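K.L.:
If you want the building blocks of each chain, they are given just below.
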Amino acid sequence: MLTMLIDALARALGSFDFMVRAGLAAIGLALAAGPLGCFVLWRRLAYFGEATAHAALLGVALGLAWSLPAWLGALATAAVMALAVARFSASGRFAADGLLGVFAHAGLALGLVALSQIPNSRPDLIEATLFGQILTVSEGELILIWGGAALLGGALAWRWRPLLNATISPELARAEGGDPERERLLLTLGVAFCVAIAMQVVGLLLVTAMLLLPAAAARPLARTPERMAALAALIGVVGAVVGLQGAFHFDAPAGPSIVTAIFAAFLATTAGAALIGAARLERRA
Amino acid sequence: MIETRFAGERRADADEPAPRVGAPGQAPLRGEQPCRAAAPLAAAEALSLAYEGRTVLRDASLTVRPGELVTVIGPNGGGKSSLLKAIIGVLDPSAGMVARRAALRVGYAPQAFALDRSLPLTVDRFLSLGAAAGRRMRPARDAALATVGLPSQGGAPLASLSGGERQRALLARALLREPELLALDEPTQGLDHRGAARFYEVIEELRRRRGLGVLMVSHDLPFVMAASDRVYCVNGQVLCEGAPRQVSAHPEYRRLFGAGRGADAEAGEEVDGQEGRRGC
Numbered sequence: 001m002l003t004m005l006i007d008a009l010a011r012a013l014g015s016f017d018f019m020v021r022a023g024l025a026a027i028g029l030a031l032a033a034g035p036l037g038c039f040v041l042w043r044r045l046a047y048f049g050e051a052t053a054h055a056a057l058l059g060v061a062l063g064l065a066w067s068l069p070a071w072l073g074a075l076a077t078a079a080v081m082a083l084a085v086a087r088f089s090a091s092g093r094f095a096a097d098g099l100l101g102v103f104a105h106a107g108l109a110l111g112l113v114a115l116s117q118i119p120n121s122r123p124d125l126i127e128a129t130l131f132g133q134i135l136t137v138s139e140g141e142l143i144l145i146w147g148g149a150a151l152l153g154g155a156l157a158w159r160w161r162p163l164l165n166a167t168i169s170p171e172l173a174r175a176e177g178g179d180p181e182r183e184r185l186l187l188t189l190g191v192a193f194c195v196a197i198a199m200q201v202v203g204l205l206l207v208t209a210m211l212l213l214p215a216a217a218a219r220p221l222a223r224t225p226e227r228m229a230a231l232a233a234l235i236g237v238v239g240a241v242v243g244l245q246g247a248f249h250f251d252a253p254a255g256p257s258i259v260t261a262i263f264a265a266f267l268a269t270t271a272g273a274a275l276i277g278a279a280r281l282e283r284r285a
Numbered sequence: 001m002i003e004t005r006f007a008g009e010r011r012a013d014a015d016e017p018a019p020r021v022g023a024p025g026q027a028p029l030r031g032e033q034p035c036r037a038a039a040p041l042a043a044a045e046a047l048s049l050a051y052e053g054r055t056v057l058r059d060a061s062l063t064v065r066p067g068e069l070v071t072v073i074g075p076n077g078g079g080k081s082s083l084l085k086a087i088i089g090v091l092d093p094s095a096g097m098v099a100r101r102a103a104l105r106v107g108y109a110p111q112a113f114a115l116d117r118s119l120p121l122t123v124d125r126f127l128s129l130g131a132a133a134g135r136r137m138r139p140a141r142d143a144a145l146a147t148v149g150l151p152s153q154g155g156a157p158l159a160s161l162s163g164g165e166r167q168r169a170l171l172a173r174a175l176l177r178e179p180e181l182l183a184l185d186e187p188t189q190g191l192d193h194r195g196a197a198r199f200y201e202v203i204e205e206l207r208r209r210r211g212l213g214v215l216m217v218s219h220d221l222p223f224v225m226a227a228s229d230r231v232y233c234v235n236g237q238v239l240c241e242g243a244p245r246q247v248s249a250h251p252e253y254r255r256l257f258g259a260g261r262g263a264d265a266e267a268g269e270e271v272d273g274q275e276g277r278r279g280c
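Just so you know, the protein sequences line up as chains A and B, in that order. Numbering follows my numbering, in which position 274 of the first sequence is assigned residue number 274; successive positions increment by one, without gaps. Numbering follows my numbering, in which position 128 of the second sequence is assigned residue number 128; successive positions increment by one, without gaps.
What the hints contain is simulated information worked out from the structure, not anything from laboratory work. Since the model is a prediction, treat every value here as computed from it, not as a measurement. Ideal placement from N, C-alpha and C gives every residue a C-beta, glycine not left out.
Some chain B residues near chain A, calculated using beta-carbon distances under 7 angstroms: (1) Tyr-108; (2) Pro-110; (3) Leu-119; (4) Pro-120; (5) Arg-125.
All chains should be modelled from the sequences, with the hints used to inform the complete structure.
P.N.:
Following this line, the structure appears as structure tokens:
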């Protein structure tokens, strides 16, 4: 099956190895980010994703300073940030929105300052971290991306029902014997995990886009949460391939091209739903 | 939170919650012991609840047994919903104890909750997400929807239902859990008189047929006084409790709801031999 996928990608993206690897990386990310992104949309975690992603920049700097892999540093700081923000917003001392804004921008600024202070920092490192370096993804990084995506997707599938119940109504979930706080923790760590995966592919500035846009594009087409998650993954995959093709043809940056392709899908489904769906609903009612 | 679990058997009388202190000079009478056929499904004892340091409920005790309809009444902001939520484990008490029968299956119909419009959810999917393992399939769902008066609405998006319809969808989900205890928070809000009457018929029938215990918060005094086995009048604390007739004669009740409700005492007579066991 993997060879079939690689063959198909080679046909779609040209027979350059780096394009096939880029395609595989983007598809792996899209498959996990689509369903997770639905929860980000449903639970209004978009700004929370931003804060987590920006914090990961600091982790990249720390990783460099301590000669650790960038993804490990990113994962660690993203997880710490995610847990801290989740904790603070639960205590209700600030409106969550304002608090997240503080953390998101502080994370970005601190990360950029820290990166500039690392002696062995490559000049292109900041750009690669912020905008991704999908065209230079190595086979080792591919394994990390697909392994991480499989872990994330598996965790979501395993906890799907309690995750949904905790999202629909925490009170109802608790009355029915669930533990919505545990599901919230799982999603919090899931976002941090996704940040570490997506950093390679689209860069930290567009991580939230890979979560939010496929889910938003899938929403008008779906009547159940399961279908929305599946469609979000599919739209992300198609967007990845189309975006990479576009990046190749127009010599545009790969990560932003992928996000642009998914945004086009969002415009299409939203406009289509507004035109067709509304009329159909009228008739049905 | 201190939580003990009842064994399945009958509790010794020594374990009964100690009498509480009600309003000054109105220590609740225990009354003659009624026939306690079954062990409680859930009970709160000397329960206090606080939000961010502010106490909303103090020293409340409440018991629900199988087959009983227990209703909590009182003014808004008096802690009725909080008491209900604490009994079923949604809220943790700041003091006191809540005990539930081991592995108690609770069906909870909260006051209508906000559903984010970005989450697509049909009534069917909403029901199957909460249902007991054996009752997720279409026939069980359809039967539950028919029971609550929402037949053939399974495919509709939950967000498209009116307030009253959503209330009934919540009840259908609660029923699909095959509950031993049904906890209903103002279940007839958003229903017109006929809808409310139908809703209560459904509850009554379920109670008779399945013997489930019902704990309800309600403003619907005529129904409460007609159908409840026991009424708790709550405003920051349990002001009085007992059979509907005792409660409606209680000064605290009359102070809260006015004395001019002649229909209440009348309605109280219809309760099938359950009244007259506990005074306030």
